[in-house]
Amino acid sequence: MRPAASIIIFTSFSGIGFGLLFFLGFGLPAPRGFVALIFLGIAYALAIGGLISSTFHLGHPERALKAFTQWKTSWLSREAWLALGALFFMTIYGIGLVFFGVAIGLLGVLGALLSLATVYSTSMIYAHLKTVPRWNTPLTPTLFLVISLTGGSIITGLGEITLILLLMTGVIQVIVWIRGDRAFYGSQTKIETATGLGREGEIRSFAPPHTGSNYLLREFVYVVGRKHASKLRLICLVMMIGIPIALLSTAFNFLTSLVAAFSHLAGVMVSRWLFFAQAEHVVGLYYGKRVGT
Amino acid sequence: MTELPKKTKRKLGLVIDLDTCVGCHACVVSCKGWNTKNYGVPLSDQDPYGSDPEGTFLNRVHTYEVQPVEGEAQLVHFPRSCLHCEDAPCVTVCPTGASYKRVEDGIVLVNEQDCIGCGLCAWACPYGARELDAAEGVMKKCTLCVDRIYNDNLPEEDRVPACVRTCPSGARHFGDFSDPGSEVNKISESRGGFDLMPEQGTKPVNKYLPPRPKDTIKEIDVLSPLLVPVAEEPKGFMDWLDKKLDGF
Amino acid sequence: MIDQPYLNTSPKVSDEIRQTTCYMCACRCGIDVHLKDGKVAYIEGNRNHPVNKGVLCAKGSAGIMQVNAPSRLRAPLKRVGPRGAGKFKEITWDEALQLAVGCLKPVRDKNPEKLAFFTGRDQSQSFTSFWAQDFGTPNYAAHGGFCSVNMATAGIYTIGGAFWEFGEPDWEKTKMFMIFGVAEDHDSNPIKIGLSRLKERGSKIIAVNPIRTGYNAIADEWIGIVPGTDGQFILALVHELLKAGKIDLDYLSRYTNAPVLVDPGSGLLLRDKDGKQLVVDKRTGDVVPFDKTAIYPDLKGEYSEDGACRKTVFHSLVEQYLKPEYSPEAVAENTGISAGKIRAIALELSKVAFEESIELDCSWKDFRGEEHKKMVGRPVSFHAMRGISAHSNGFQTCRALHLLQILLGSIEVPGGFRLKPPYPKPAEIHPKPHCKVTPGFPLDGPHLGFVHGPDDLMLKEDGTPARIDKAFTWENPMSAHGLMHMVISNAYHGDPYRIDTLFLYMANMSWNSSMNTRGVIKMLTDVNEDGNYIIPNIIYSDAYSSEMVAYADLILPDTTYLERHDCISILDRPISKAGALADAIRWPVITPDRNVRGFQSVLCELGAKLGLPNFVNEDGSQKYKDYADYIVNHIRKPGIGPLAGFRGDGTCTGRGEVNPKQLDQYIKNGGFFMKKIPDGCHYYKPWNMDYQSWAVEMGLYDSPQPYLFQLYLEPLRKFQRAAEGHGDRQPPDHLRERIRNTMDPLPIWYPAFEDNHVNTTDYPLHALTQRPMAMYHSWGGQNAWLRQIHGMNPLYISSKLMRKHALQDGEWIKVSSVHGSIIVPVAEMAALNDDTVWTWNAIGKRKGTWALEENAPETTKGFLLNHLIHELLPPKGDGYRWANADPITGQAAWFDLRVKIEKTESSNSTEPRFETIKSPVGVGPKSLQWKVGND
Ligand SMILES: Nc1nc2c(c(=O)[nH]1)N[C@H]1C(S)=C(S)[C@@H](COP(=O)(O)OP(=O)(O)OC[C@H]3O[C@@H](n4cnc5c(=O)[nH]c(N)nc54)[C@H](O)[C@@H]3O)O[C@H]1N2
Ligand SMILES: Nc1nc2c(c(=O)[nH]1)N[C@H]1C(S)=C(S)[C@@H](COP(=O)(O)OP(=O)(O)OC[C@H]3O[C@@H](n4cnc5c(=O)[nH]c(N)nc54)[C@H](O)[C@@H]3O)O[C@H]1N2
Ligand code: SF4
Ligand code: SF4
Ligand code: SF4
Ligand code: SF4
Ligand code: SF4
Ligand SMILES: [Mo]
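Line order of the protein sequences matches chains A, B and C.
If you count the first sequence from 1, position 173 lands on 173 in my numbering, and the numbers rise without skipping.
If you count the second sequence from 1, position 207 lands on 207 in my numbering, and the numbers rise without skipping.
If you count the third sequence from 1, position 666 lands on 666 in my numbering, and the numbers rise without skipping.
If you're looking for bench data, these hints aren't it; they were derived computationally from the structure.
All C-beta atoms, glycine included, are put in the ideal place defined by N, C-alpha and C.
Please note: incorrect hints may appear among the correct ones.
[Claimed, not checked] Looking from chain B toward chain A, a few residues come up when the C-beta cut is under 8 Å (computed):
| # | residue |
| --- | --- |
| 1 | P68 |
| 2 | P89 |
| 3 | C118 |
| 4 | L132 |
One chain only, chain A, in its complex shape (with noise of 0.2 Å):
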């Protein structure tokens, strides 16, 4: 799939917002006054920075509202009204905590909740498409939550929990890799299901219906080289995990939690920039694009 950046930005930030949200929910910390106005400021620049982020790559953003309409069955639908009530209730309680020096536990928990909820449906987007296998598992929404939750753990300076949970992160990230990477061949989705031809023997693309590209070529059937993925991957492993938990380790002050967040925010969107980028959708068999390795 093409690597948009407006989608990586924000899932990316988004998703450590609502992390954010999350631990601020349930009072991990529980600042007071400025320095909850600043958590929350940060939480919220994440989370709706990344949601006007995700409009940029519409054709038609002025219709944006209309996205709340379809929450029955579609999780973007879901995660537009999760995340508005995340933020609702979020808001609600920041006041408490700006204003009033209050923290409205149920509130909180309910926001944090709904703020995690956001996350998941923004992954059960991607999840849930049969078309592109590497997405279509539990682990995708896994991830995404564990990256969300590591990220706001670090900002929120959770010492030995963003630890575990940087390592856990890297754990899964690992694995959803090694299961992707077998994934759109692992799958039931084939040249020959897809032509039906499989009967009259082996499959291959002689020439695309245009010698020009198309929507489809372009959002679809973006190739990676495999040299240049590992590469990204190592980098996304060093900067998301790596540097984090080597500065969060020996040294937790501010200044090492800003840089491990930045360089963690960097890995991050590493990683979503390679989740998009080598997502086979299976539109691409069509092409003669997938098949073979």
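Since chain A is already given, all that's left is putting chains B and C with the ligands on it; use the hints.
Relative to chain A, chains B and C with the ligands alone:
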């Protein structure tokens, strides 16, 4: 709206015959021609005279080579457009309700006024049947020519999809699959019509007919010639002719 | 609850439908043009039209993009830079016509032959040739010579009509169909419709083609033959069928010259004093003219006089084709088809022809007065096109195929192959060529025609060619369509003479329609010692900014096909079906928005300004206001004009007075006219007297013209005899052997000429082009929709070669012939003859043309194979450069090409690269949303 109807009154769709499709792209262009001027926004083209021309098409024709275990390789032309799936994942995924499956005939459509151009439906479609129009930012797809098949302004016989009407080799058939006696059902059954990617669970309405067996004339051995010679050389032949001609 | 948006399922389709004829290719389908606000909104097929019955191909539907193409020329242009630079000045029509007259008038007055007027894929040849004849130049032809003249000529001489679009299989009845060397053909939609009918009935389709795409891909059987060897394959089938006696003896006796007696000394046919071929009547044993009433010609007839025994053509035929050199074993290796396969196909043919024959209960009377109760059909049919025709052995190969059809008795019978009116028609009643030039006066007759021996050649007193293209000379005696591909080269070399003005219409001669493109470009731009161009004046009519435009001095911009009148005339190549006579028109369904004029109308005006006798009234005023006026009012023979329909008071067909309302009636009728052949006349047309009288009534001939299929083609023997030293017109010595060897009166096979001129070990591969179904030569490339389908062309090579050269799709190779080399991208194809490489024709474009951006993929990843093909064969050391053509007809041998390939470094552009031409029309817009009307 993006809930799928439990059942549609009719199941309109196409049968595409891979045995007779010559890959002429006629259906591709007539589809473009009809649909650029009809349903919804035009099908735009970017850089149409430049180095990277690329436009929106609702129907595209691929070509595959098939190598049987024994014998010569074969070439199969393969038109690809929306299959108007019964369990259309493109519909349920749509956050705005722009995508829907019509109750009356099962046609899957995009209501362009509601479409935000998020592209999710195209992600959900395994068949690449949806293309986001780059000029208008809305999702385009095969409408099964919904504005032809019921159109009172067209003569009765023309109330078929543009691609079906134009196909020179008669490789495309249109009809109602909910009617067991319909032509499309009959052809599909008699010729082994099949679904694309059945494992995706989309339950496509459109069916494809497989190529008939090819290269079946087998070589004849010199030692057992079925074409029995009447003579090997001219003299003998002329004698045979004598006898033959006496009959006339 | 599902709430669906409201949808208007009955939107208004258009304001108006105008019915005319497509010209996105030469198939000439009927189209319904939907207009909204006076603009073309949608084009679909006309359901009632005899050619396409409602269907339309990709090009046809893309007509909208043709009439709005930014490449359309906008006004007459005068060249202001050097030739080839593309620098022009827009001028008025008055200036343009003045320039043309200034150029042409002196030529006509002094040396009319110094005008060479050649008209490409002209659909108005009966008109343009008429104009040229009136001008007085012998130098006129259209594109047939490089297209498929082998097919046309072999057919007309042998069966009185040809494949091409002049005949068609009996799609409704045939049970086995064999198609040779066809990618798309002129009859493209009818073939596709026909194939689908065969598929519905489960009739077997056998495709003979080195490449398995398109029609060949859907065929039941694929014979991936080695290019240039079809003649061998076909004659091996003939050998097998003969040997097994699986031939239609009755058919051969009655309808062919198989029973005609041959003079053993001269090899000429025995004729009576009226020139009629003689046969022995089996009933009486008498020697009688073939058409004598109530005879039955004896295939074994003999007649002895003066101690010499005359035997029949059939006798020679049996002797020839039973020879072991025609056996499947003998040809298997060369053709790449195993002997067993050849036998199997022969068996299949004989089974269907003789065991599944059809009988129609339809009585008819033949030309010998015999009544037949039934019509017997041999339901095997054939079609063939350039794959067998565009070779230097193409004429004889096409003849061989007709021989096979005839032996099976499958022409003009139910389930077989049938001709379309005005065919069938004996070769003898076609005109002969003419070349007598009188300054200031018309030529003495039509330029092109059919020769029947050395006497008919177009030679001057001194034996040199009369025509600039050397048509009808010893080099290619039966070149019935002229040799457009030799004009520029001959004019440049002053061989046979120099010309003053080259006047071209609708032919991209500096690009895809020439062999040796770079060489031609040089010939068009080279100057002599005085600094003048060697070809002094070039006038050209095109509708678009093609490569050729840049090389002309004066451009007469044409309208597009929806903006003009045209006439698909019965005098030329009408749209008839085997069961009906039909012709058609085009008419301006939209008005041009540019300063352009229909070329034929311009010729009417130019003709008048030049004072051509048939283009001026007695008072010297212009006779035909425009082409429409000509179409209606021109009379070729009393009662016969360009259009056969709605003559006289609007009810006469074929013959009748001028009807001023004729065009309106055509328009009302959908742009065409069709008259069904009466019942009982659908088969056996050359011999069916009811058909013959109908044809006379329709004006197709002046009197009934029954004739025999010419298995033994006597004119060929006459040329051979001249080469053997007989008669007072004899070929130059260096051509004697070739004429003797190739002009055999019975079909033969000989290797393609290029194979004898190049070392086939060094150049082991055959290189071909194919027509893409969705693109028409160079002129589809400007079409915004079509160019997305074919915007570049790789060279397809077999899987075997891919492995051998360690190649991957998209890598680059150098392809070389003896003549030159090109660098191109490759792609793999498995369903391909192992030693054949191929690409789509005419996709490559020159930078700066067709209103495309300079780096359009057509210019960077598109290419022409033409750079590798020369109009002359490489020197052989005998002091002569032989034309790369069929020695009999002059047909350009495009497909004889031999090449080798080698891997090169990856590249970003095909080679050769040419300089950019400055576009006279600018470049097209960056985006396109075609929507007309305001809904
Ligand atoms: N390598 C290779 N070369 C080939 C062949 C091959 O098989 N292989 N095939 C050969 C054959 S059979 C043919 S027929 C030729 C065809 O070659 P061409 O006859 O050159 O065909 P086109 O490229 O279509 O170009 C004809 C010209 O007509 C112009 N034109 C189009 N419409 C109109 C109109 O309405 N009015 C006017 N005045 N002009 C118009 C176009 O712009 C174009 O410049 O190519 C030959 N060249
Ligand atoms: N879409 C479209 N239609 C067209 C045209 C076009 O440009 N585009 N051009 C029109 C014109 S001008 C013409 S002349 C006709 C030509 O119509 P076709 O005759 O169909 O022309 P080509 O595309 O040259 O195809 C020649 C075929 O012969 C095969 N072939 C080559 N050599 C041999 C051989 O030795 N033996 C056999 N058996 N096969 C061989 C090639 O593989 C190819 O399939 O098409 C007309 N129709
Ligand atoms: S129009 Fe018919 S034959 Fe042509 S590509 Fe489409 S389906 Fe195939
Ligand atoms: S083919 Fe694709 S777009 Fe059409 S209904 Fe099925 S899933 Fe939806
Ligand atoms: S692109 Fe439009 S139709 Fe498709 S899912 Fe998004 S809103 Fe729905
Ligand atoms: S049914 Fe209509 S919209 Fe669909 S592919 Fe055919 S022409 Fe296009
Ligand atoms: S075959 Fe196609 S391009 Fe040619 S006349 Fe017919 S519709 Fe037009
Ligand atoms: Mo041609």
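Evaluation of the provided hints:
no.: 1; hint: P68; in the structure: holds (4 Å)
no.: 2; hint: P89; in the structure: holds (7 Å)
no.: 3; hint: C118; in the structure: holds (6 Å)
no.: 4; hint: L132; in the structure: holds (5 Å)
Checked against the numbered hints listed earlier, the structure breaks none of them; every hint is satisfied.
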